[in-house]
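For the protein sequence lines, the chains are W and L, in the order given. 785 is the number that my numbering gives to position 79 of the first sequence; each next residue is one higher, with no gaps. 1067 is the number that my numbering gives to position 361 of the second sequence; each next residue is one higher, with no gaps.
No wet-lab data here; the hints were simulated from the structure. Note that the coordinates shown come from a computational prediction; the quantities given were computed from them, not determined experimentally. Some clues are possibly wrong.
Copies of one chain are not kept apart here, so a pair can be met inside one copy or by any two copies together.
To be verified - DSBU-like cross-link-like pairs, simulated, lysine-lysine; straight-line CA separation at most 35 Å:
#, residue 1, residue 2
1, Lys1020, Lys799
2, Lys909, Lys1020
3, Lys799, Lys727
Okay, here's what each chain looks like letter by letter:
There are 2 protein chains.
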Amino acid sequence: MATYTTDQRQLFTGSTIAVLKPATTEQVADIVRLAAHRGIGIVPQGGNTSYCGGATPDTSGRQIIVSLERMDRIREVDPVSMSISVDAGAILKNVQNAAANAGLLLPLSLGAEGSCRIGGNIGTNAGGLSVVRYGMTRDLLLGIEAVLSDGTVVSDMRKLRKNNTGYDIKQCFAGSEGTLGIVTGAVLRLAPLPTRRASAWLKLASGAPLAELLALVRRESADLLTTFEFMTARSIALATEAMTNPPSVRAGSGGTVLAEFASSSRHVGLDELMEAVLAEAIEAGWIEDAFLAQSESQRTAMWQLREAIPEGEKRRNGSVKHDISVPLSSIQRFLDLAASQVRSYDADLELSVYGHAGDGNLHYNVLVPPDVDRTEFTKRIESGLSLQLYDTAAALGGTFSAEHGVGRFKKHLLERYGDVGRIAAMRRIKKAFDPAGIMNPGAIVRPWRKEPAS
Amino acid sequence: MATYTTDQRQLFTGSTIAVLKPATTEQVADIVRLAAHRGIGIVPQGGNTSYCGGATPDTSGRQIIVSLERMDRIREVDPVSMSISVDAGAILKNVQNAAANAGLLLPLSLGAEGSCRIGGNIGTNAGGLSVVRYGMTRDLLLGIEAVLSDGTVVSDMRKLRKNNTGYDIKQCFAGSEGTLGIVTGAVLRLAPLPTRRASAWLKLASGAPLAELLALVRRESADLLTTFEFMTARSIALATEAMTNPPSVRAGSGGTVLAEFASSSRHVGLDELMEAVLAEAIEAGWIEDAFLAQSESQRTAMWQLREAIPEGEKRRNGSVKHDISVPLSSIQRFLDLAASQVRSYDADLELSVYGHAGDGNLHYNVLVPPDVDRTEFTKRIESGLSLQLYDTAAALGGTFSAEHGVGRFKKHLLERYGDVGRIAAMRRIKKAFDPAGIMNPGAIVRPWRKEPAS
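So here's chain W without its partners, still in its complex pose:
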């Protein structure tokens, strides 16, 4: 049971009456009707990879977990319509593979792809590694099937790019983290499968303007840029320590960007394009040097390094994660201000800063010192320094959660930083979809009953 009642980061363990594993949408509807009748809270769960406790029951022992893991079918790949229809419990990696087997790309890719499930990706509006080119999960969502809190099944599994026939219910579910109903199926949009990639390791000059570099790369790559990942020297060092056979690449004095172009065409010379773009960046003085992967194994090594950062942090003693985003025009300013806040808070703290800079999204992580209790340290930082960092992001028009969601751990942040009118609208939606408050109770919005009378 523990794998279902403990969150991914092992920060919290709840308890549950039972873990139910329906095999069909009808069974999900039956469960919801029964729970509604008995007033039992339902915690929907996919791969249980939430960083915010979005899929973890409370400690009351009066909630049930509905795991979608048995509903993992690929329902249909339509290569001509460029769409794939799946059960919500399908593992992201399996959906990627099914698309690739049909010569197409599911352009959603993230660290947890081997275990996270599509329903969870929709519930958290997952982002990941190629948002700069392809967008977030919501941008890929063509159709949805979901069970509402009274057992009503919404069935809108159309494969249409365009369908302007009233409110777009599927968009309500994207990012709702199971609080409005249980997503049981989805149709996702596919793209032409890239057959060529050019991947480069850009050693940034000190003070190199990230946003301006990004703008140059997007423009001169004809927007064939799929990835623009920023990594500091410290994050790279952590990753290197976690690898058995790390590549011999180093960071520049301003850090590193891993940039990748992708193309499905035989008629575009991607390496030449990358070389031309890098030459412009060098001429602008923004990068000291660059290394263009000459083979698939070199490309893979760069990516393995990027993906080993979380493991590197974990090996050291973990990190307190800050999944912030700011407008691109403020990214440099955030880095400067935040670094100074960390120094003032405790000059001995170490940072691991990296992330999807192409989207203005940084994982601004404070490393847990090797000799301290991780949970205690996390609590201390989150009640102090974290709020300073989030204040800084908010003051720059940014956010405390770029792609990880709100879940149970960040509700207080939503109340602190969310626009009052927007939260009022969120409560209206919650009440409309879940008047009895049985859908993932405790996640995202606090009960509307506590809202002051207007």
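Position chain L against the provided structure of chain W, taking the given hints into account.
Just chain L now, kept in the frame of chain W:
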């Protein structure tokens, strides 16, 4: 007053107490509070270019029109963040121009762009000419400001690509046609400004598979395709008659596709790319011949022809429009079935079929014969043949409204074709946002009071 109370297609004229023209968001909120207090229905209006009567008051004379036309400011262009913040009353063309002046592209382009306004584009989730590359209006929406039915202002004008902090309220407004509140401002995502374009006139072979041709063009253009517009010979002939100096291009025996690639890079040879792609399409036997624009004036001429089709229809005596979309894999089947339905209904009817085939979206228009009353003819077709055509689209997994919306004219179609669960969810949302039913009453959803008790 008539310009405000009559719909764009001049099919319906309502009446109104007054046309109010607020200049600020606060004035909009004041109006809404007053109307809520008095129980007066509010019809928000932008450029009044709805094809579905979405912005037209009823005949009761007890509704007010709130025109956003005075709120037309460009609030901010942020070239580094690639975003633009505007008042909802800003005219689309002016927003495009403001972006272009900053070296960026607002990738929303449609026939009415000289008069439609951003609030209306959001309200209808406008599509248009470059959806295949850039998506619909909702895909460009980064931030929103809106007044709810009790005067609450939702203010979420952030310039963030990623902001997963609970329900995405702005997505509720996209496609809601003013029935959930009044959008007063928005932040839109911009893209690198294309500096090169390659535009080609593809003369389709008889029976050429449109979807397979599209897949080839997307793949081998590295997805630099921005436009894939289908036109039948009849539509081209109508357009030609409406032009003073029409280009000398002809349709192929299977019709024509106007395809355009766009690139912001100096390093990608677009003409060579287009030539390579066209050679593959010719080799596949899907196009008889192709003509690649050799100059900006040739390119403009092709576009003027495409854009003159609605005017050509109007000159003849108008058309009954069917804004259908089907999955790409069914587009050919729809064309075959629909043509046979039209022949069976009345062998003398003429069609003008064209549209955004890259999105599976066809404007399947039945021409009004020159000598008959347009309104009478429209009524007759819409109560008979139209339903047959929509039935066919629905049976193929398609929709009766791809991009025009529901408004007042298509409510019965939503009830006929909409999934029951989805309509139930829509009613919940409507009730949550507008419990008194004062926001654009009569558009999209019928009052929930008539919903049978559950």
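* Asked: Is it within, between, both or neither when you check Lys1020 against Lys799 at 35 Å Cα-Cα?
  -> within (23 Å within a copy, 51 Å between copies)
* Can you tell me if Lys799 and Lys727 fall within 35 Å by alpha carbon in one copy, between copies, both or neither? -> within (21 Å within a copy, 53 Å between copies)
* Asked: When no copy is named, should Lys909 and Lys1020 be tagged within, between, both, or neither for a Cα gap of at most 35 Å?
  -> Within one copy only: 25 Å inside a chain, 59 Å across chains, cut-off 35 Å.
The structure agrees with every numbered hint stated previously.
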